[in-house]
Amino acid sequence: MSSKQKSFEEFYYSPKNNVFDIDIIEEYVNSHDGSYEPFRDRIFCPECQIAKLTFIHKTSRNRAHLKKIPSSYHEEGCSYNYDYASKRTVKKYIDSLKENEIQDKLNTMMNQLFRLNKKKIDFGENINESGLMNKSHMTITESKNNEIVLRALRRKRLNTWIDESDGTDIYVFYGKVRLKVVEKEKEDYKYYLLQISTLNKNKEWKFRTNLYRGSIKDIVDENTTYYIVIIGNLEFNYKPWTINLSNKNAIKYRKYI
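Numbering (UniProt numbering), first residue to last: 1 to 257.
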């Protein structure tokens, strides 16, 4: 089980039976003298919907975020029960998978993160290849001291604030986006970028970042909204930031319905 307290950028809101970004609480707090009363005792872990969360106000040093209250517990099988996987562990895991296996993993994560089956996540028995109760698709396995243990994958929505304080650990980045292919040309070859835009608070599509795709030319419709899931780490050498894919196949997008 996790030895460190985790923070949350989204939450399950019981009155609406849905998952929302923390921005909704922040907007309310900013216009109600710091109060978040309509959300108190009604916000829970976005994954298991069992562990009760509390809102931590923004300070000069830290962003506003959500944390689990000490007396509350995640449901067995929820990925937030486990320590986060190290960068090395995630890279080793991804490199061990074939292309179709990476796509299968991304597909199951997409279904879970966006709740595409419209149901509460089922934490019923799901035995993985190592015999562990691997109930969340946001976990991977790691060998430690001759034992196989579960590790959680970090996650981050693409429409949230991102800066160097997020570090360069490997995350599962996800969101609803617009995509555009940008062709670039060097002296003797062409390469492609996948431009990602997200909705801002004014419901406008704004550029967020480019993904380097090398010789891969993605087939996308610039006027279509997509679900996207990416496994990679942040890179700040190119402003404002970009994402280094853990593997050229560690990206999946699907038309938003």
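Please keep in mind that the hints were generated in silico from the structure rather than gathered at the bench.
Watch out, some of these pointers could steer you wrong.
Quick list of simulated restraints, FRET-style, between CB atoms [what the hints assert, rightly or not]:
| id | residue 1 | residue 2 | range |
| --- | --- | --- | --- |
| 1 | S31 | I69 | 37 to 43 Å |
| 2 | E76 | F207 | 39 to 45 Å |
| 3 | N237 | S215 | 18 to 24 Å |
| 4 | N62 | D221 | 38 to 44 Å |
| 5 | E185 | D104 | 19 to 25 Å |
| 6 | K248 | R88 | 15 to 21 Å |
| 7 | P15 | K67 | 27 to 33 Å |
| 8 | K248 | I56 | 36 to 42 Å |
| 9 | K67 | K98 | 34 to 40 Å |
Note that beta-carbon positions come from the ideal geometry of N, C-alpha and C, so glycine has one too.
- Item | Violations among the numbered hints, reported as their numbers in ascending order | Hint check: 1, 5, 7 fail, others pass.
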